[in-house]
Amino acid sequence: MATSVQDHDSLWQRLTIATPYLWLLAFFLVPFVIILKISVADPVIAQPPFTPTIDDAGKLSATADNFVFLLTDKLYAITYLRSVMMATIATVLCLALGFPMAYGIARARAETRGLLLLLIVLPFWISFLLRVYAWMGLLNNYGVLNNFLLWLGVIDQPIQILYTDFAVFVGLTYSYLPFMILPLYATLERMDLDLVEAAQDLGASPTRAFWDVTWPLARAGVVAGCLLVFIPAMGEYVIPYLLGGPEALLIGRVLFDEFFVNRDWPLASAVAVVLLLLLVVPIVFLQRSQARNAEGSA
Amino acid sequence: MRDATTTNSDVKDAFISIRNVTKSFGDFVAVDDVSLDIPKGELFAILGGSGCGKTTLLRMLAGFESPSSGRIEIDNVDVTHQPAYERPVNMMFQSYAVFPHMDVEKNIAYGLVKDRVSKTAIAKRVDEMLELVQLGDFRKRMPGQLSGGQRQRVALGRALIKSPKVLLLDEPLAALDKKLRERTQFELMNIQYELGITFVVVTHDQEEAMTLSSRIAVMDEGRFRQVGTPKEIYEFPSNRFVADFIGTINTFAGKVTDIGDDTISVYCDEIGASLSALGRHPVEIGQSVDIAVRPEKIFIGKSEPEDAIHARLKGVVDDLGYLGNRSLYHIKLEGGRIVQVSSQNRRRSANRFLEWDDDVWISWRPRSAVVLVD
Amino acid sequence: MRRNSRFIISTLAFGYAFLYIPLVLVVVYSFNDSRIATVWGGFSTRWYGELLRNEQVLDAAYLSLRIAFTSATFATILGTMAGLALARFSRFRGRTLFTGMITSPMVMPEVITGLSLLLFFVTLQQLTGWPGQRGFSTITIAHITFSMAYVAVIVQSRLSGMDESLEEAAMDLGGRPLRVVFDITLPLIAPAMVAGWLLAFTLSLDDLVIASFVSGPGSSTLPMYIFSKVKLGVSPDINALATLIIAFISAGVFVAWFVIRRRA
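Residue numbers (the working numbering), protein chains in the order written: chain A, 1 to 298; chain B, 299 to 672; chain C, 673 to 936.
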């Protein structure tokens, strides 16, 4: 420690660092190591249902069987791919809806802006599960949406909306929209409106001005927003379970079922490890962009 | 006059004594082997650009940093490794650092509350301070309701309440507007005079340093380049950095041709003329030196000056600016060299006859110019 | 909104409708007398009555509130310490790992966090015999771990926006470092700590996935109870429960908003 202030009375400072540090080591890092360890164990019918990776003789017994199985069984490959695809589509939908909304909020009058933002954040405080549940009533065969479409005459008998991929997209977009809008708003709000006006003043059409000025400057917010939607959407469990059909297998649900239904802990761990590997790149990206934002605003 | 380059170990009864202090952060040396003595009751300024090490030096005096090597004594007590909260030193921060969740009174009292002084004694002291910084009517205000100047007074009162042996001021006037700055400057000087506390001011503003302080240390790259009174530093800069940093100065490079009793003659190739100036450094014939002269020391006129001892040069008016109390001229010499001249507008329309492209003579007394060696 | 085009305004309208119509419908249907939740059978408050007589719901809600209160409190303490460490102690050994561990739980998929903690608790039990039973304590520990990250980030950003010389000034005036924390730092970051506590509390009340992993038989949190019910489809008493929660939280958020606006 370089500065003198820290040379004196540093006991409490050490405590300030050490307490959360040790907590995280114990309850975040160690559990991760354990996942890694169990992912290379064999399943057995016992309690707990896996073989020790270090046997009584202290010999290491690791197996790559779980990973080999994941790679060779088509079901898993398809599920991972489906997860990436669903998360990507949900991200695109969130961006398509979230960008104009964030833009509109950032351009709104100062008094209304606060209220508009509050209305974006409010659903976030209301139970996630209940918000997803709300869509079940809206989308089911006798639900409001079907009744509305029947009344309009667009359809003459109820169509299946709930328990389809479409419902999952709606649910994902709905749940993660605030995560897209908030970082977008933060960058758009900081952006100098004069720049856009200057571009228009120099003869750019509003569309040109948008693509030449607004979009590049908003890129940091776009990146952060997309990652904040994509990463949790990849591991989502509740939405596909409640809104998706039985065939709507997403990796989060597979992991859950593998663990609770099949009780194959080593395989579930391996599924988690692979999911984490898929997410390492976007997570690192996100942390970098947030660190940069933090520096920029400081 | 004595040479002012040395770090004045000749000061009697040093109250603050800084001995060979070095502070480095990793590979970066912020303060490089600095020594300085400041007597009791002095208003001392440390002047320098950003990153010169002045703030680090101040923070070492306050106790927020400890020196990598060297020693700091205050009133004959070694405080080198004493933490800030044990030093008889208080500081007024550049941002003022007025506690936003306490009213004016609580802010000012904070230092005493920590010292377990009786409530009545604190109240009395707070009243004194409020009067000193003229904030009596604002005692219950929160900092959010105060102007910048008032917040600065809170910071000052808060730092003075413990009657520190030394008050440190970090850019005390930087955040104030020009008018308020001038007024505050004089108030600070009055308070310092009244209380007799040693003040150490850090500033990047040379004007502030010149008017406030009785002595100045000019700092660059972690070292003192000159320590002296404002007058010494302005009139007799001891090197090119100080000459350049303080005010405006014209310099002419040349070689020493003759060494007289107190003047030195130098031949300047650039302007093809011999100039002489006051020499305060030992030089040798043939040595490369600079002759430096301030713009306001130069006379300007249409006719050749008659006085034979003057250094004189011929040129044309390249540019001129009327500033109200004085006028600025850029005179282009025959070789193309530009010299800055400033003349007081004592009489209305004096020198008004000078116009662009007029032929003029500029001249100065040898004693007005100095020789710079490094 | 003179600068906003018609396109922007209609997108905003659509977006807000999208966000709020489902919630409004849940509220409306909670007053539906019909047992079949999707058919309107007249106005009634009978589901609220049934809800309040349902002991399973009350037990689950009580457990959830206890967990949320405890975990939010500990998460605020630990998160504030972490935020202080990150914002004020620029250099210490293992800082990179620390930063990584603080921010990771926020972006980690819940299934992974839940699974890793459960495996951890199982391993721990094998080694030490604790926790003999999973429930309140294990869920609380899990919630503290992921919500302290949010508190830390809120506190850190508040601190980095705060003039560091405030603390130095207090120290300069004779405050020892620990005194300074209580005199200056904590009062100034108190709003961030309150915000952090509320967020941690909400996150804990909200969590289904992690709690499902680390809870044991017999200890169901409210989201776990709701989930087990809605798995089977729409249910009127859940509508009533959702309405209560929506009303409670909206009221709280709006009151907070008005208080903050009045002060500013």
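Hints are computed from structural coordinates only; laboratory data are not their basis.
Some hints here could point you the wrong way.
Simulated DEER-style distance windows between Cβ atoms [what the hints assert, rightly or not]:
hint	chain 1	residue 1	chain 2	residue 2	range
1	C	Lys903	A	Val121	25 to 31 Å
2	C	Phe686	A	Asp65	25 to 31 Å
3	B	Ser348	C	Ile693	30 to 36 Å
4	A	Asp42	C	Ile693	48 to 54 Å
5	C	Arg765	B	Val581	51 to 57 Å
Here are some of the chain A residues that sit facing chain C, going by a computed Cβ distance under 7 Å [as the list claims (entries may be wrong)]:
hint	residue
6	Ala77
7	Leu129
8	Ala209
9	Gln287
Ideal Cβ positions, reconstructed from N, Cα and C, are used throughout, including at glycine.
A quick look at each hint next to the structure:
1. C:Lys903 - A:Val121: 25 to 31 Å: 29 Å, holds
2. C:Phe686 - A:Asp65: 25 to 31 Å: 50 Å, violated
3. B:Ser348 - C:Ile693: 30 to 36 Å: 57 Å, violated
4. A:Asp42 - C:Ile693: 48 to 54 Å: 50 Å, holds
5. C:Arg765 - B:Val581: 51 to 57 Å: 55 Å, holds
6. Ala77: Violated. Min distance 19 Å.
7. Leu129: 5 Å, holds
8. Ala209: 12 Å, violated
9. Gln287: Since the shortest Cβ distance to chain C is 6 Å, the answer is holds.
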